[in-house]
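Q: Position one of the sequence shown corresponds to residue 1 (my numbering), numbered consecutively onward.
There could be a bad hint or two in this list.
The list that follows gives simulated cross-link-like pairs (lysine-lysine, DSBU-like), each with its CA atoms no further than 35 Å apart [as the list claims (entries may be wrong)]: (1) LYS127 with LYS201; (2) LYS122 with LYS201; (3) LYS274 with LYS201.
Hints in this document: simulated from the structure, not taken from any laboratory. Since the model is a prediction, treat every value here as computed from it, not as a measurement.
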Amino acid sequence: MPAAIGLALLLFTQTAPVVLAASPSPSPSPNPDVRIEAHALLDGNVRPGAWTAVAVDVANDGPTITGELRIRGQTETGSQYGLEVQLATGARQGFTLYAQTQIFGSRVTVDLVSGAQVIATKQVPIKSHDAYSPIIAVIAERPEGLLPQINAALVNPNVATSTVITLIPADLPPRVEAWAAIDRLVWQDVDAATLTEAQAKALRLWLGAGGRLTILGGTTGTGTIAGFDLPDADLLPFDPTHTIDAAPADLVPLVGQPPSDAATAVAVAGTLRKGTVLARSGDDTIAAETGYGRGVVTMIGFNPAESKARAQTAFQRPITTEIVPAPEFYEAEDYHQQYLEKRGRASCHVGLQSAV
């Protein structure tokens, strides 16, 4: 898990998860006019102690409802996580709920509570992972071509067993605190411009806190990579301006000595912006790596899974999680403190210090 991810918890807004005061459990009273669909983001992969995000869609075909969406785990505790909602007649609304996962097991339950009654409920499966085992997320048009090489690269007796998961862009949470379950994101041939503004911001914060992003070239050229080139975030180590046919010898720094019958490889190429060149083809940079905050962005312009010049893998260096001293802690401004309490509510804002 990125070492400084706790800093991003200071970015909560008024829509952040709220810890509700302990109260008697509401009684079930299903309302047939209300339906809930829900799924955990990151395809349900979570870590104990980290935040998880659950996307919830609610439909109301009856009278207007004022209530609260709540997440609860398999074990009752003194804390509940909820979000106030108002559903007009005919409403179709989407929400994202957040809660810490140390109280959860193999599932969470989302309840819609109105008054003292649970009027709709939905169970959501989750997959809990060891807190110290790296998790590698792959977003690719054809992930099956990458997975064998990534899994082979993760065989390292000196580090904990890693887990590789496949996602689509919609699985990425819009808030950085729910990214803490993943250590590295591998991206190939999927348009980065499909990320929402909130997801793109969360990606940048995750990187700044110690995440690792690996962008691979494939069959789509420069088009799918350009979406990472955001005006307010200089992420990419080189400009992906064009494609070239890279000679097998150009790939040696990453994939090793090519076989004698190796063919050229199509590669995204450009001019180095910053960081370290990993491979060149003539005057063009075709692979480079740069720091971003405490994280790292690696951009490899060719597809290591399809290149006939590969020897082992473009992931030949072990994928590890760095453990470093905690950075300086910055307390939120006064107006963030006891936000709900100052407004006469009976509950208080989630304690950020305990989550860092």
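Q: Determine for every hint whether it applies to the structure shown.
A: Structure-based check of all given hints:
1. Taken as a hint, the LYS127 and LYS201 pair is honoured in the structure, with Cα atoms around 25 Å apart against an allowance of 35 Å.
2. With a CA separation close to 29 Å, the supplied pair LYS122 and LYS201 stays within the 35 Å bound.
3. Our distance criterion of 35 Å between C-alpha atoms is met by LYS274 and LYS201, whose separation comes to about 21 Å.
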